[in-house]
Amino acid sequence: MNNIDLTKVRPYGDTLDDGMMQFSFTLPVPCGPQAMEAAKVLLLGQGFENPAVTAMEDMKGTTYFVAYARCPKAVNFSEIYVPTVDFPVFEMEEVNELIAKELGRKVTVIGGCTGSDAHTVGIDAIMNMKGFHGHYGLERYSGIRAINLGAQVPNETMVARAIQEGADAILVSQVVTQKNAHVNNLTNLIEILEAEGLRQKVIAVIGGPRISHEFATELGFDAGFGPHSYAEDVASFVVQELIRRKKN
Amino acid sequence: MNNIDLTKVRPYGDTLDDGMMQFSFTLPVPCGPQAMEAAKVLLLGQGFENPAVTAMEDMKGTTYFVAYARCPKAVNFSEIYVPTVDFPVFEMEEVNELIAKELGRKVTVIGGCTGSDAHTVGIDAIMNMKGFHGHYGLERYSGIRAINLGAQVPNETMVARAIQEGADAILVSQVVTQKNAHVNNLTNLIEILEAEGLRQKVIAVIGGPRISHEFATELGFDAGFGPHSYAEDVASFVVQELIRRKKN
Amino acid sequence: MHLPIDPSLIERSRLLAERIARPVLSQIKLQSTVSIERAVLRLLGVDGVDRDGIPWPNRVVDYLLENGMLERGAAYWLGQVVLDQNCSAQLAASEIVRGSLSRIKEKPLAEIREWGDVRAAERLSFLRQNREKRSEKRETLGLGQKPWKYLIVATGNIYEDIPQAVAAARQGADIIAVIRTTGQSLLDYVPYGPTTEGMGGTYATGENFHLMRQALDEVGAELGRYIRLVNYASGLCMPEITVLAAQNGLDMLLNDALYGILFRDINIRRTLTDQHFSRLLCASFGITINTGEDNYLTTADAVEEGHTVLASQFINERFALEAGMKPELMGLGHAFEIDPNREDGLLDEIAMAQLVRQVFPDAPLKYMPPTKHINGNVFRAYAQNTLFNLVSAMTHQDIHLLGMLTEAIHTPFLSDRYLGLLNADYLFKTARHLGEELEVKEGGRIALRAEEVLSAATSMLEEVEQAGLFEAIAAGRFAAICRKSDEGKGKDGVFLKSENYFNPFSDQLEGREKVINQATFAAKK
Amino acid sequence: MHLPIDPSLIERSRLLAERIARPVLSQIKLQSTVSIERAVLRLLGVDGVDRDGIPWPNRVVDYLLENGMLERGAAYWLGQVVLDQNCSAQLAASEIVRGSLSRIKEKPLAEIREWGDVRAAERLSFLRQNREKRSEKRETLGLGQKPWKYLIVATGNIYEDIPQAVAAARQGADIIAVIRTTGQSLLDYVPYGPTTEGMGGTYATGENFHLMRQALDEVGAELGRYIRLVNYASGLCMPEITVLAAQNGLDMLLNDALYGILFRDINIRRTLTDQHFSRLLCASFGITINTGEDNYLTTADAVEEGHTVLASQFINERFALEAGMKPELMGLGHAFEIDPNREDGLLDEIAMAQLVRQVFPDAPLKYMPPTKHINGNVFRAYAQNTLFNLVSAMTHQDIHLLGMLTEAIHTPFLSDRYLGLLNADYLFKTARHLGEELEVKEGGRIALRAEEVLSAATSMLEEVEQAGLFEAIAAGRFAAICRKSDEGKGKDGVFLKSENYFNPFSDQLEGREKVINQATFAAKK
Ligand code: B12
Ligand code: B12
Ligand SMILES: Cc1ncc(COP(=O)(O)O)c(C=O)c1O
Ligand SMILES: Cc1ncc(COP(=O)(O)O)c(C=O)c1O
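Residue numbers (our numbering), protein chains in the order written: chain B, 1 to 248; chain F, 249 to 496; chain P, 497 to 1021; chain H, 1022 to 1546.
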């Protein structure tokens, strides 16, 4: 789009800068004109302009609304900074060569879904031979020894096995985020790693549909991988990080 | 719903008072992690908490987001007051009887879509013999003489015909609201009525999918009818208003 | 999927449509309109506006009308000045307005005819060459897979429309329509230049056409896909907009006199006359027309009045054939408009869509999304559009207008178009061969509904044929709207052609018809 | 709609399933589990928790297990105390835990058997009476039209679940499922009392069942429509939850050992043994089971592994038949899980849904919405759910789990349920008779896909029969997950029944089977 002032971007409905946003929500009030007004008042209270409630549906005790309104605030896009895992991503063969050349030994990674999380499809996509969407998993990497502990692994077990196997990296998948389950579980893992004096030795990586690199580093992990990550992403990161650490 | 404090109602996702709302909007920035962050910053800027962008779609130059976040503000529902047209609604036959008994003459109403608006389905639903959704239109009322001028009637024509026909009420339909077309057009109609000294004599009613009684009275009309109104609503209002005026 | 319908009813309907059109056409051929004359002037090279912003074609035609000279045809008078002063058409136009005609010694018609026929042949061949180039482009770049995804832009500002249209093309649109500003169809002139202020749409002007065409050609080249451009020719300026469309490489035009009559209260005789000339041009320049029967179901009930859509399509087909159009250019309109609360409504929609498909196998059908029964609940709207996309894929529609999320609220947001494409892409892929794989049960609900609609359409055509088209329209047989033939907008712009009326374009385009036309004149005398 | 499938393949598959189940069942019948024993205690009247919140059935069974006494059956020991002290079962339970058994003079089995058989007959007839009352209620009030709309509540707090469930019923839900809190299926006890803190679901407890049942009965009476209640019995406490469900008037239970094995890593022998007893109870109390084959397609690919769903359904059907269940109680699970980006994916979904329908004509099929391929774009999700609802209506599914808008984001919001119902109501009405009206083309894509799935399922069953069920599971043949028969959670809770093991409920419920069972014992000796 042309002529856009990136220091002040607003939602764009049909006219640049019109600020138009769509909302939907439920209010625990009976359906009727008063409810409609309450929905508008709510949006006005949050600082929106010209709220229009386009649908009001009687949910028998509560009321559902669809609304549109103008957002007056703008974002300075040119100042937005997002911490990202910043490293080149290599293909499987390149990763294997890099390992052979720079490390001269197999890299061991251990992974699983920890805590009460039983969603293994994500970690399997990263680790299993077959991989995901045509991207082979870590088990297929000749330079990597990949150990997948599966579902609902207690943090203690994960750390114990990491020590036992001499793992270079721990890969944790967290899918359930309801009531901040993942935050509690991941914080606990970091504490255990620190208590064991392992935090600096082992590379700790997390992944999942609602994980970002920023979130991961805030919790004390080395990297975080969100949706659409593949084995080569995490393999490239782990191997380069190992090389970096070796050099230091 | 039980246990609801009506002085403080918040959006209700899955837990009472969780404040959860759904949003969608476009930002004129390229798709990527920075865009994702900008979307969150925007919601935070508008005072929402814990924004989660659940979808980010590349619209080739702009980016579309679906997001959820918590709305911290609450609405005092017990204080919400909505002006409504407050009168009993009668059936067609009752309206006819009321006219015969209280007014003793036929009531003349004239209607149409004014200005550039050509959406006649709404006014036809109110006026045509056949009516709408099984509710007969005003033409079928034996006590009412209903004149439907159709689409794109200039305000001047509407007022001139009202004078010529000795109309008791003018019924205006306004469907197009883009760029406030209806506000300008309706304001102009009121001005003409006032200039002609008719404003007090004739009952001026508006209707349409985005018309409310509150909006109508703010513009100086006697009543406003929104979606799901039928002939009997407006007939009941007009007749009772005529009776009231006659008595005064 | 194939409906077991009675071919004799189709044949009968076509015959009736021909009989309905015949008297109308012979009337039409006796008359011309201000807009046809302005279109002729435009074709001959008159363009631009005067200091007050009034287009020169209007200035000339208004002058001729006021002076009682129009019945001989604007080309005749323009020719007089051009030949007399040996000047350009544009200059001749201003000369006419300045009153030069009164000072000129009139040349004999034969001489004017010679000049006009040559000029017209030149202009037509030039525009046909453009058309050829465009056809090549379409073939080289290729078109998207059918149904073609048709999206509208309607910001009111051509410079905002363009990036939105380009983004839509990048997202997968095959066809872009720039909606006109509310009310333009009732203007008896075409605004000029690039425009930035429209209400619910953008002015249709030659320059706006040009700018959008250029942008779409660029993005089409980049994408390796030809993007078609559409605008609206129905209304008072049908012939002129057709000329501008041809000049600026548009691929399709909304073009339907019946739409204008019913929904814009345009005078019947005016717009049918305009339409004929306009369609002659479309036929010649390979512009696909889009008809407006879909609109009927926004005022009339889709179940009760479904057959009126089909009946009107037969009539529209006939009018198009009479203007020399091939079925390949007839984007006959219909719509998915049955109340979502109706039991088995989807079956009715399938029946109707497939019926139209079978009756007009070669026409690039224009299929409209649900609009009337969309409300402000945008999720519900998305579900309705999902089924619309399904039926379109199943019944092999061609020109597929994408359903918009906020149909009941406002003209589309950028994101509405994106979500519309997402939905259509999903359905067109996941249900690609569904139509081939399913058969309709004989004697079942779908088959019966199709039969019912077809036979009701045939009966309606019988009645229309008896009563005459004008009377049928006056009686509210179409879209439940009544229009009298001596009323309506633009009626003062129709006039009877004089015996020695001259219009080199219709002469050349009518071809065979010209002879009949002259025979009619002869008979009249 | 009817698929031309080979009936001999169906027959062959049924035969193979029987052969697959036979060796498993004879093994199962030799063993019992801690959970079965606890269920027996519950049936005999032991309930409640001790001061530490540990359920009395667990206290008793743990005591017996620790003391090597469990292999004779908990009923046997409870009977000893009851008869000895002439006290209630509840009191007897605390006596056992306090070590009273060591002080009691053991009565002969025949005497205990007499007591137990009478008590069991009483309890069973009481629960069957309840079942009759409930059946009457279902009939008087009537059930909604099929497909039945099944909605989940999952707030974690029973007092918040209730108003949400009631609102859903008022909005049109036919079935309410209270999702269990994450991880409950791995608890080897059933929590007690009303609960307010769950994660992604609410604890399954007798009191929670009771409170919800009461609320749904009330709203059902108000609405004049019977609202069914569902909970989850898969997991380590399958038999006990079945007892609680019967006691509290639940209509359906998620009940599938294969689900627990694959998705919760529960020991194969444990959960298959539990399942058999649990299904004996379901058969007796008219509880419809829901099986979990739909889950396979959340880990395996729906196109490549569609046949594993069908193969597993044959096995599940056999296990249910062996427990005396009628097809009318078998809510076999399957799902709409094909990648929306797959060309003709909808055709595959129709083929699969109709195939399952035809293979199990009398089973109330449980049809799951798309989950795996839903992402955070809630509009896209709504379109996917629209097609799911369409296929369900077309192929006459019975138990229809409503697709949720925010499936990829969080457990459902109030509004997600509302929008889910809106979508299903729309489709079930607009497409009500679509299935009847369409026929599948012979030899076409849909028919071929159905054939392919059926024959692949039969081949798979051949292999499983060769290898044995346990080996097939270990080899990852189901859901692409490998589980070994000597691993998994809860395996320590399985034990071999002693020769004079006593369980009056299985004795009475097995009926005919009992004889076979004893014959097996005889043969073993
Ligand atoms: C499949 C599934 C299941 C299956 C899981 C089977 C299995 N073995 O995994 C079953 C049916 C068993 C299941 C059960 C439950 N589920 Co579930 N389930 C899903 C579902 C449909 C798909 C998840 C999935 O497989 N995605 C595909 C994979 C490939 O994506 P991914 O995990 O994001 O992985 C990618 C990236 O994130 C990344 N990645 C992931 N992990 C890692 C790790 C590393 C190191 C790296 C580098 C990258 C990485 O790479 C992957 C490939 O690109 C989602 C809904 C949805 N559509 O998302 C719900 C969902 C995740 N489930 C949910 C819930 C609540 C449950 C239950 C708790 C429900 C209940 N009360 O019974 C249970 C219990 C499960 C438990 N204890 O954890 C919720 C979670 C809500 C939340 N935000 O917390 C969801 C969102 C559904 C919902 N709306 O309620 N579920
Ligand atoms: C049908 C329709 C048309 C038809 C109109 C045919 C006709 N003769 O009416 C046609 C196809 C011609 C048309 C054209 C256009 N339309 Co239009 N159209 C619609 C559509 C699909 C349905 C409207 C309708 O008939 N509703 C049914 C009636 C019964 O409902 P109603 O009007 O609300 O009436 C009820 C109440 O409101 C009330 N009521 C109404 N009037 C009155 C009056 C009184 C006195 C009382 C008491 C009550 C009352 O009672 C009625 C019964 O309960 C809507 C989209 C939608 N789904 O809403 C767009 C819509 C209204 N159109 C729109 C637009 C922009 C146009 C065009 C300008 C587009 C263009 N650029 O070409 C043109 C031009 C029209 C013009 N000059 O006004 C926009 C308006 C946007 C806005 N908010 O301003 C909409 C919302 C579509 C969109 N998303 O773009 N349209
Ligand atoms: C055939 C046809 N012409 C023209 C239009 C638009 O006309 P106007 O610009 O008059 O609104 C439509 C409406 O969609 C149509 O169907
Ligand atoms: C058959 C079956 N049982 C149980 C469950 C739920 O089990 P849990 O409570 O272990 O998550 C499911 C999942 O939906 C299921 O399909």
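Derived from the structure by calculation, the hints contain no laboratory data.
Do not take every clue at face value.
Stated by the list, open to error - Calculated cross-link-like contacts (lysine-lysine; reagent style DSS-like; alpha-carbon spacing at most 27 Å):
#1 P:925 <-> H:1462
#2 P:868 <-> F:427
#3 H:1167 <-> B:60
#4 H:1462 <-> H:1450
#5 H:1393 <-> P:925
#6 F:354 <-> B:73
#7 F:427 <-> B:73
#8 F:449 <-> B:8
#9 B:73 <-> F:378
Only a predicted model underlies this, so the values are computations on that prediction, with no experimental measurement involved.
Quick rundown of the hints versus the structure:
| no. | hint | in the structure |
| --- | --- | --- |
| 1 | P:925 <-> H:1462 | holds, 19 Å |
| 2 | P:868 <-> F:427 | holds, 22 Å |
| 3 | H:1167 <-> B:60 | holds, 23 Å |
| 4 | H:1462 <-> H:1450 | holds, 25 Å |
| 5 | H:1393 <-> P:925 | holds, 19 Å |
| 6 | F:354 <-> B:73 | violated, 55 Å |
| 7 | F:427 <-> B:73 | holds, 21 Å |
| 8 | F:449 <-> B:8 | violated, 51 Å |
| 9 | B:73 <-> F:378 | violated, 49 Å |
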